[in-house]
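Student: Position chain B relative to chain A; hints supplied.
Protein chains: 2
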Amino acid sequence: MSQPQTPEQVLDTQGDCAPGKRDEDSGEGTQCSHRMLSFSDALLSIIATVMILPVTHTEISPEQHFDKSIQKLLATRIAVYLMTFLIVTVAWAAHTRLFQVVGKIDDTLALLNLACMMTITLLPYTFSLMVTFPDVPLGIFLFCVCVIAIGAVQALIVGYAFHFPHLLSPQIQCSAHRALYRQHVLHIVLRGPVLCFAAAVFSLFFFPLSYLLMATIIFLPYVCKATSWCRDRLIGHQEPPAHPLEFAFDLHKPLSKERVEAFSDGVYAIVATLLILDICEDNVPDPKDVREKFRGSLVAALGVYGPRFLAYFGSFATVGLLWFAHHSLFLHVRRATQAMGLLNTLSLAFVGGLPLAYQQTSAFAQQPHDELERVRVSCAIIFFASIFQLAIWTAALLHEAETLQPSVWFGGQEHAFMFAKLALYPCASLLAFASTCFLSGLSTAIFHLMQITVPSTFLLLRLLVRLGQAGLRGLRNLAGPAHPWPGPTGEADSQSLLLPAPQ
Amino acid sequence: MSQPQTPEQVLDTQGDCAPGKRDEDSGEGTQCSHRMLSFSDALLSIIATVMILPVTHTEISPEQHFDKSIQKLLATRIAVYLMTFLIVTVAWAAHTRLFQVVGKIDDTLALLNLACMMTITLLPYTFSLMVTFPDVPLGIFLFCVCVIAIGAVQALIVGYAFHFPHLLSPQIQCSAHRALYRQHVLHIVLRGPVLCFAAAVFSLFFFPLSYLLMATIIFLPYVCKATSWCRDRLIGHQEPPAHPLEFAFDLHKPLSKERVEAFSDGVYAIVATLLILDICEDNVPDPKDVREKFRGSLVAALGVYGPRFLAYFGSFATVGLLWFAHHSLFLHVRRATQAMGLLNTLSLAFVGGLPLAYQQTSAFAQQPHDELERVRVSCAIIFFASIFQLAIWTAALLHEAETLQPSVWFGGQEHAFMFAKLALYPCASLLAFASTCFLSGLSTAIFHLMQITVPSTFLLLRLLVRLGQAGLRGLRNLAGPAHPWPGPTGEADSQSLLLPAPQ
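Here the protein sequences come in this chain order: A and B. Everything in the first sequence is counted per full-length UniProt numbering, starting at 1 for the first residue and increasing by one. Everything in the second sequence is counted per full-length UniProt numbering, starting at 1 for the first residue and increasing by one.
Here chain A stands alone, though its shape is the one from the complex (with noise of 0.2 Å):
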């Protein structure tokens, strides 16, 4: 990167902790902070994803069909599983501001981020509260009292921080508006737990309005995001302040891609292992069974359980394969924007719902009747996931020359393999849901047909670009011969290959 560094650059490192290296200047054991936010990044990624589980464990008896009271069911549960989705990874994010702030750490602060982080594994608890019991007041009540101690803890670590201003990054340490830059990190931190204490009082005597308060916690940043966004679009953008505060800490500021990675991974790791968790809990016959029904015969046993084995590839396929596609993404960003952030976190919100497709794949591999709604279900989850990821590069191509590798930019070498590769799970899913209209007898057949051929199709991707490149070129030549194009490995290639030809 050749462009002078911006502050944001210099909080986006971390402070000068690289790894293997320690700085041992002060005695009280100051240390760098890069290994507990790894940590913290898989702890919150495993929480907000664990939430998945009391959707996926609504028990759909065998003679029930898959109607509308069941719907609504799912849905309710769908629906709580998103918002509280989405609470984790602001209080996520938060975290993340906190500890751009806060540089090193020492052993008070990480036993303090073990307090936050225990705080924060109580959530999925009164989720599961609030889902059993939609008309009591007490999980929403628990729940807030919950983020309010996460925001006790996280304000006490502010505080501590900058009265041992070592352990502040760099930046903030040097800088002559400390106070300031305390107010601001603490306004960030604590947004949240003050709207939740209003939430907890009115949870004691009107609590459809602790719901509706709650979700103004999650969507408040992206809602102002998104005013302050369509403004700039519509009077013209506005320099940022000259005021290095303002500039260091305004909601337009990146994320720290690292933490971002971590995250995601963190997400679908999970993911991936909660289909194993339901396969290993549920499809282990039962030694009375195996006897009395199949004369002691073990793999006849298992046979009953093949299509579900089916689906369990199908599904860590299609998780595997949305993770590659995500790392193929993030390899050529520099930088994630707050915009780019959301998109991610609803791409893996829909990702944390493929336990869900999965379920539904191996349960109308008992049930035939209704399994329409399934398999629609199923692309719809794998649809959105992976639209979302598609959006994330959209967003990112709007201001390409900052987010985004040189390669990838709009005509570079990458390009259109880039867009290949994010483009064909929305596309097939899309196509999936749309012959299940027309050959709703087949819909099962078509699901798995996609199941099988996307992977495939990832392998051959790049020899598929290389021949739609090819084709698109040879037409462009026969239209204009007389335009001279740069070699197919040069340096000029990173210039064009997919732009229109300039008239």
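Calculated directly from the structure, the hints in this document are not laboratory data. There's no promise every hint is true.
For identical chains, the list gives no copy identity; a pair is met inside one copy or between any two copies.
To be verified - Mimicking BS3-like on lysine-lysine, the simulated pairs with C-alpha atoms at most 30 Å apart in a straight line are:
#1 288 with 72
#2 68 with 288
#3 293 with 72
Tutor: Positioned in the frame of chain A, the structure of chain B alone reads:
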């Protein structure tokens, strides 16, 4: 580090992929492997740990005593869990070795790695089959098939990478002995699968031998290591042969410290989260029960679960603080030797058993009888998890010049403090175990007391160590007042605080 870089260190840095920098020297989309390795570490650690679930879900009905038959059942399952944990760790170690050779990846390698991960996720299922049907050879047969498939995919990765040498780590890329390297890596990757092939064959007609072979796969590398270590001690250490190949890939080669940390973080994170999974699934009261038994009062219904939440807090604190001790230790570790890796694996295997300790403590909250055995099991799990952490440090101290930062060497500034951190849990759990022998009636109280006092001791530990050191220094000053002591904060302090004064 002022010493010259050895070839191992060159390999450890995983090629020249700095985060944020992407080398685009080849048109075929070569990528840095860092993120793929983190994701693999997360998946593998979760898969290794998820296998504790069949153990914790061993149902003990309230009428049953914690008697011999239950103990035997539990012991069998725990043994199989430990064995499988170790096998996944062996697969992880092979994966680490493999990607120390393959420095960069491209899309094909990323997809092959995903296929490898998918096969590994099936291991827990074969484990469940083995536990449920110990007398049927199908479980071990499927297990062997999985291991062979993993070996085949890894051999494919090796073949692919050596076919496109720009994917190899720079050192091997330039080496004249590339074919020898390939042979050596293939040997490491295929050693386990070949033994498993034999085990699969035997499983068809004499399956106890298969279990024996499985045990060989796990322990062979360690037995080799231990014997060579003993031989070195007895005969004297032989210089490593001058041949660079032998040097880079013999069994003494240190593991990548980052990957050991990432794998350990994954285990700690998932163990902490398995605890909340149990809470969310089992401790949400049934709406019908609340209506009938508690006259609609959710608060009263939740009161029943109070002791479980206490146990949960205690267990989360234990996992968190063990992570904290591990984190503190590895902050001071420069390089992880294979002995340290083995001890770390053993420690993690017991950490994975902590959900069992939690289940034990929450179970005795409901059933007052047999609490003595349960408390003892919990104490034993915590003791072994923490004593192996202490052993990692002891093993590191044997080669402190290579493995540790100077500040924690014998007599270093932080030496006593680090010892106190690592010795706290072994001492506390041993003390709790011992006191249950004398005060068997109070075992629960003792256990809860331990879970409350240890975290607070961690907070005060630095103070306590300072006090202890001051006391020791005072005693020494009394004994030999002529000896000049360095000041408590100077550079000379890193020389000695706890070493016996030179005579």
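Student: Which of the listed hints are broken here?
Tutor: The structure conflicts with no hint, since it agrees with every one listed earlier.
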